[in-house]
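Sequence lines, in order, name chains A and B.
With this note's numbering applied, the first sequence has no gaps in its numbers, which climb one by one up to 314 at the end.
With this note's numbering applied, the second sequence has no gaps in its numbers, which climb one by one up to 342 at the end.
Take the hints with a grain of salt, since some may be wrong.
[Stated by the list, open to error] If we take Cβ atoms under 7 Å as the criterion, some of the chain A residues that face chain B in the derived model are:
id, residue
1, F145
2, T146
3, L147
4, D180
5, L182
6, T183
7, W202
8, T278
9, T289
10, A290
None of these hints come from the bench; they were simulated from the model.
Every residue, glycine too, gets a C-beta built ideally from N, C-alpha and C.
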Amino acid sequence: MNFRSLSLIVSVAVLFMACTNDSSTTTPEPAGSGAVDLKIEALYGSAAFELGKAYTTAGNEKVTFDQLRFWVSKVELTKKDGSVYEVPNSYYLMQYLGKDEAIQDGTFTLTAGKREVVNLTGVPAGEYTGVKFGIGVDPKYNDNLTLAAGELNILQNMTNVSWMWHTSYIFTKLGGTVDVAGAASPFLLETGTNVNYKTISQTFATPLVVDGSMKGQMTLQADVAKVLDGIVIARDAKLNTTDKTYHINAGTASMMSKLAGNYPVSFVNAKTARISQ
Amino acid sequence: MNRRGIFAGLITLGMVACSPPDDPVPTPETPLLVREPANFPPLPSSSDNPATTAGVKLGRQLFYDPQLSANGKVSCASCHDPAKAFSDGVRVSALGVSGRPLLRHSPVLMNLAWATNGLFWDGGSKNLESQVLGPLTNRDEMGHDLVVLANYLKTVPAYKTQFEQAFPGEAIHYATIAKALAQFQRTLVSADSRYDQWVRKEGGVLSDEEQRGHQLYQQHCAGCHATDLFTDNQYHNNGLDLVFSDEGDGEGLGRERVKFDPADRGKYRTPTLRNVALTAPYMHDGRMDTLEDVLDHYSDRIKTSPTLDARLPAGGFRLATTDKKALLAFLNTLTDPQFVTNRAYRP
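The shape of chain A in the complex, shown without the other chains (with noise of 0.2 Å):
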C-alpha cells in the first residue's frame, strides 16, 4: 500500500470519528484548567501610549496617533517541562482605534476603542514560564482569506484590494499625523507579506501557575517609540499625492520590513499575576 492510499484511509476513518451527535462526548477540561487573560499594554517610551497626544520620535519628528492595530496569532504557553500549549483558534486583532472608521464604503463601521485583552479558557493546569505569538498571521492563513478562524476577518479593514495584489492581511496598522514643514501630514504605516510575519518569546519574571482556583493574568509591553525606530517617516514613508498621506506598505518593501522587524523588539516587561475569578 503506497503513502497516499494509506493517508486517504486515515483520512477517511478520521472522518467517521469525528461524526457524532452526542455533544456529551466532547472532551472534557482537564481538572484545574482556567481562564489566563493575556494582555498587550502599548507603551511611548515609558509612559502608557496614548492616541491624540503629541510626541517627538527618536528621529525628531513630531507626532500625534489616531490609531495602532496589529493580529496577534498562534499563541502558545510554555510549560516548565519545556512542552508547549498552543492556544486553538488564536487569532486576535488588537487595537487602539481613535475614531469610528466607516469601512466597505460605509456600510459597515468599525467602532472606536481600546482592545488590548485577549481571554483565553480552559489552559490546562500547569505552571507556564513563557508565552509565543505571531505578530501578523502566519503563512497558512494569510496565503488564503477564506480560511476561517479566531476572528480573522477581511471586513476588517485589515486587507484591501491593494493588499489583495500579495495575497495578504495587513499585519499591522500605525497611523496619525506627522508635523511637516509646520503642517500635520496624514502616515499610515503597515506591514505585511509572508516575509514579515514575526514571532515574539517572552519568558515570564515569575511562572504562571494556572490550577483552575484563579484567573491567571499575563501582562506585556509594547513600546510605539521603538516601533519607529530608525524610521523618519517624512523621510521614508511614500507621500502619496491623491491622499496626501505618507505611507509605508507594500509599495515601499524594504521600509516595510525595518518597520516589521521592530515589531517584536517593542515588547518588554512579561509580568504574571493570579487575580480572583
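Got chain A sorted already, so can you dock chain B onto it with the hints?
Here is chain B on its own, set in the frame of chain A:
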C-alpha cells in the same frame, strides 16, 4: 474502479455514517472530482476547499451573475467569455463598473486546478479563493461591497437554498462566495484538442506540417510552455521590453512587484498555449494582435535586458518562414472546441 473512484465512494460512505439516521444524504454534497486527463501532470490537491456538485453549480451561477457588481452590469464573464476560452478579446478591458481601462490584459481561465504557483500575470495572488476577492471589490472591475453583496444574496431564495446545500452550516459571506467561485473555476479543464487526441492516441491526426510544428515547439518553446498544460507556471522575461517602468504601483515591473527582487524584473507567468488561436490579443498587456506577431517576436524581436531568460537567444530564434508556418499550424491544433462550447461551463 480506480483509486479515485474508491475514494469518492468512501467519502460518500463517511457522510452516510455522519448523518443522523433519518436524514437522507443530500446528493449535492457528493464530492466532485476535477477531471484528470491522462496526458496532464498529477492534479495538485485542493484539500482546503474540496469541490462538491452543489458548490460547483453555485459557483457557475455566481460567475455569470452581474448582480455581483456594484452597478449590476458586470459579471466575471464580462471579461472571461467561455467562447474565447474565458478571455475577452480586447487589449485591456474597460468593461468594469468605473469604465476605466484596466492595467493588464484579461487572461484565459482553464486548467486552473493545476495553477498552484500563483495567479495573475505576476503571481501576486496565491489561490483561486483569495483571488476572487480582488475583482469583486476592485473599483475598476466589479467594485462591489462584500457586505452588501452577501446581504443581497441572502434575499434571493434560490441562492439561499444553493448556499445551504453547498456550505451546510456556513453563512452566506465573502468566504463562501469565494469558495464556490473557486470550485467552479477548478472544473474548467481543456484537454480535448486535436493535439490531445493525437498524443493520447485517440484517433486524432496531425498533418506532416503540424508535426513539424510540434517538433519546433519542443525545440524552442517547451522549456517554458511546458508539459501538456503548455505552461510551467513559472515566471520568465520573454524579451518583450528593454526597460521596465516602475510607474504607478509598479505593474510594469512584472514579478518584481510581488517578490521585491530586481532579479524578477519584467518576469511574467508563462501563459498556456491551449486555445491560443481563440484568445488574441496576446501578452500581459495585450500588445500583440495576432499569433503571427507573436512568432515574429520570438523569431527576430527578442530584446535583451539583464533578466532575459537564458532559453531565448539575443535577437531571437531566427525562424524560417516555413518554420513559422509550421509552428502556427501546430498552435492551431491546440484549439479545443469542446471546451469552448461545454454546456457545463455555461450559465
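Checked hints:
Look at A:F145: its Cβ gets to within about 5 Å of chain B, closer than 7 Å, so that hint holds up. With 7 Å as the threshold, the beta carbon of A:T146 stays out of range of chain B, its nearest partner Cβ sitting at about 11 Å, so the hint is violated. For A:L147, the suggested interface contact is broken, since its CB lies about 12 Å from the closest CB of chain B, more than 7 Å. Checking A:D180 against chain B: minimum C-beta separation of about 5 Å stays under 7 Å; hint holds.
Hint status for A:L182 relative to chain B: holds, with the closest Cβ pair at about 4 Å, below 7 Å. A hinted interface residue such as A:T183 counts as satisfied when its beta carbon comes closer than 7 Å to some beta carbon of chain B; here the least separation is about 4 Å, so the hint holds. Because the closest C-beta pair between A:W202 and chain B is about 4 Å apart, less than 7 Å, the hint holds. A distance limit of 7 Å between C-beta atoms decides the matter here; for A:T278 the minimum to chain B is near 12 Å, and the interface restraint is violated.
Violation of the interface hint for A:T289 is found here, the shortest Cβ-Cβ separation to chain B being roughly 10 Å, above the 7 Å cut-off. The criterion of a C-beta within 7 Å of any C-beta in chain B is met by A:A290, whose closest approach is roughly 4 Å, and the hint holds.
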